[in-house]
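> Here is how the chains run, residue by residue.
Protein chains: 2
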Amino acid sequence: MGAKAMYVVVLAGGSGTRLWPRSRSETPKHLLNLLRTDVSMLQETVGRMLPVVAPEDVYVVTNARHVDAVREQLPEVPPENVLAEPIGRNSGPAVGYAAAHIHKRDPQGVMLVLPADHVILKKEDFRAVARTGARAAEHGHLVTLGITPTSPDIGYGYMETGEEIQTIDGYAVRAVVRFTEKPDLETATRYVESGRYVWNSGMFMWQASTILEEMRQYMPGLFDALSALEPVLGTPAEAAEIGRVWPELEDRSIDYGVLEQSHKVVTLPVDIGWSDVGDWAALAEFSPRDEDGNSLLGDAMAFGCRDSLVYSSGRLITAIGLEDMIVVDTGDAVLVCPKSRAQEVRKVVDRLKAEQRREQL
Amino acid sequence: MGAKAMYVVVLAGGSGTRLWPRSRSETPKHLLNLLRTDVSMLQETVGRMLPVVAPEDVYVVTNARHVDAVREQLPEVPPENVLAEPIGRNSGPAVGYAAAHIHKRDPQGVMLVLPADHVILKKEDFRAVARTGARAAEHGHLVTLGITPTSPDIGYGYMETGEEIQTIDGYAVRAVVRFTEKPDLETATRYVESGRYVWNSGMFMWQASTILEEMRQYMPGLFDALSALEPVLGTPAEAAEIGRVWPELEDRSIDYGVLEQSHKVVTLPVDIGWSDVGDWAALAEFSPRDEDGNSLLGDAMAFGCRDSLVYSSGRLITAIGLEDMIVVDTGDAVLVCPKSRAQEVRKVVDRLKAEQRREQL
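Those sequence lines, one after another, are chains R and P. Note that the working numbering has the first sequence beginning at 31, numbered continuously upward. Note that the working numbering has the second sequence beginning at 31, numbered continuously upward.
Hint data in this document are derived by calculation from the structure and do not stem from the laboratory. Being a predicted model, the structure only gives us computed values, none of them experimental. Just so it is clear, CB atoms sit at the ideal spot from N, CA and C, and this is done for glycine as well. One should not assume that every hint holds.
Cross-link-like lysine-lysine pairs, in silico, BS3-like; alpha carbons within 27 Å at most [what the hints assert, rightly or not]:
#1 P:Lys152 x P:Lys369
#2 P:Lys369 x R:Lys369
#3 P:Lys377 x P:Lys212
#4 P:Lys377 x R:Lys369
#5 R:Lys377 x P:Lys369
Pulled from the structure, derived: some chain P residues nowhere near chain R, Cβ distances all over 12 Å [said to hold, decoys possible]:
#6 Gly77
#7 Val97
#8 Glu106
#9 Leu151
#10 Phe209
#11 Leu346
#12 Pro368
#13 Ser370
Build out the structure end to end from the sequences listed, making use of the hints.
As structure tokens, this is what we get:
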């Protein structure tokens, strides 16, 4: 089997609710330089693949209102490769839209689907994994990149692995028996102890033809829409047609829509220093710390604090006697929260929505 | 003995360091409306005596740079009764300056010395106490108003009470055997358990002639300066003369300079709902609370918090899962601190001074 071309598909549709008040609907997580490096998470996501993938083989699917910002952040990616969703419809339609584009160009092409806002510390290892995953994808598998759990985290999706299907480049490719979204702590603990579960990283590899075939079976509404769209892809009529069909699509994740039902799903367990940096506690793990375990970012002063993240976007923040806490200040809002409750930031955003406080959303 | 006239002397010289970031050198604690009533602490201090003292018998001693603000806040007090200290020299010189003014006008007049930034909940009881204290002062005593301790607070000064000297209006006036400034916790606990100690409220009563006589003995440098000043008091030459003598005065509190040495000191134990509101934890005690014990002031949102103070001066503050915490936001600074460490706010201010961050001081 000859090596097929690899295309990177970056899903830049989320907002990163739990990283409020930094992430906002107008400036979602992936457009931010959250880790205080010199690049945004989106730029980091694309940049880590550019050593092995040409910029014209990179696609980004994002909300129409962020298309300009994405194109500005990724000047090397052809503007027409930034695909605009009129409104968010979850990852199923987003993956389908990119698959249709790639399929029209190269039906056997292998898609590497990447969320735009994850951290991968071992970049070289990740590129090696992608080569291996591409080979598995060429066998017709829907390949999920699985992360060996380091804790019974209840914020992740878990995949139960089954029999080993084949070995590629020394990696064991295993069947996936079951998906479980965000289990309770007891269940997650049992999963981790069993050694048979991996976290669903949201990173996938498959041929465009394979995923479209599975969509025909499991998401037929989406498949029909994509088929109708096919003739106009890459033409001036594309935007109008997308605007017409998109709102009718079901809001459904690729996991729920296809992966949890397909018999072609396998997992490639990987060790790449991954995190979805889903909340402030996760972000703290990736921030530089002083000898007391504190991450003081921006104009922050700590007195007798331990293992705390103090994140200033400009104004002075002073913290006394904090332990395992998060303090975040943006120009217009402050968040104070123990690390152990970082997931609950979601509630703040829900409340702001309920109160229609648009200026803080 | 005929009743002597009573003069209220408000000491408005402090800055309220431990209430940073609300209190600043330019807007000290007493000028602020910290308790979110419609008056500042200074206005509250004067206002609570106006039912029994005429505005022209009220004096305020304050730093020269706050004179205008004080006069603006107290339009009923004659402007010439607002006495300007060129620089802070602690309470000894401030009391002496007011005593000299009052003595020139009415040597037997009784001074009621009040810090400008304390809370007294039982106002009617306080006015009754002042009447009793005035009678004790007319006996030639230096009367300290003593507060029965409710906890072994290490932020206060303690006075050991001795024999009962006399009973006035049913109040036992006792000798003061010893002063102790801010004892350690063990000592404070012993004091409270003994039942013989009261807190030094910083509120005093004496005749102008009595305190000046004691200053002659125990603060002779100050007494000489005041004597030299006497001829120009109330004349256009006063300001220049004050500017000349003031910087030479020793920086010394009235407690240390006179009270700890004089044999005329007595205490009148009072129950008036008093607090010096010295730090944010004390302030929280006087703020309205919701059913979870939280005080949410301004644009503050709490999720699963208990017994916490969240104080916004404008921007949104969101707090998740806090217990016994303080969060304060002003336009240019944020403070996060457990209530138990509210005293340490002082360290923040010290650091800002060391770093010469004038805009936050």
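> Are all beta-carbon distances from Leu346 of chain P to chain R longer than 12 Å?
Contrary to the label, Leu346 of chain P does not stay out of reach of chain R, its closest Cβ about 4 Å off (not over 12 Å).
> Over 12 Å from every CB of chain R: does Gly77 of chain P meet that, or does the non-interface label fail?
Gly77 of chain P clear of chain R: closest Cβ-Cβ about 33 Å, beyond 12 Å.
> Is the nearest Cβ of chain R still more than 12 Å from the Cβ of Glu106 of chain P?
Glu106 of chain P clear of chain R: closest Cβ-Cβ about 38 Å, beyond 12 Å.
> Should the label of Phe209 of chain P as a non-interface residue stand, given a Cβ cut-off of 12 Å to chain R?
30 Å, holds
> Check whether the Cα positions of Lys152 of chain P and Lys369 of chain P lie no farther apart than 27 Å.
25 Å, holds
> Ser370 of chain P clear of chain R by more than 12 Å, beta carbon to beta carbon?
Label violated. Min Cβ-Cβ 8 Å, cutoff 12 Å.
> Starting from Lys369 of chain P, check that the Cα of Lys369 of chain R is at most 27 Å away, please.
19 Å, holds
> Is the hinted pair Lys377 of chain P and Lys212 of chain P satisfied, with a Cα-Cα distance of at most 27 Å?
17 Å, holds
> Measuring Cβ to Cβ, find out whether Pro368 of chain P lies farther than 12 Å from everything in chain R.
5 Å, violated
> Hey, does Leu151 of chain P actually stay past 12 Å from chain R on C-beta?
28 Å, holds
> Decide, holds or violated, for the assertion that all CB atoms of chain R are farther than 12 Å from the CB of Val97 of chain P.
Label holds. Min Cβ-Cβ 29 Å, cutoff 12 Å.
> Keeping to a limit of 27 Å between CA atoms, is the pair of Lys377 of chain R and Lys369 of chain P held or broken?
25 Å, holds
Going through the hint list in order, the structure does not satisfy hints 11, 12, 13.
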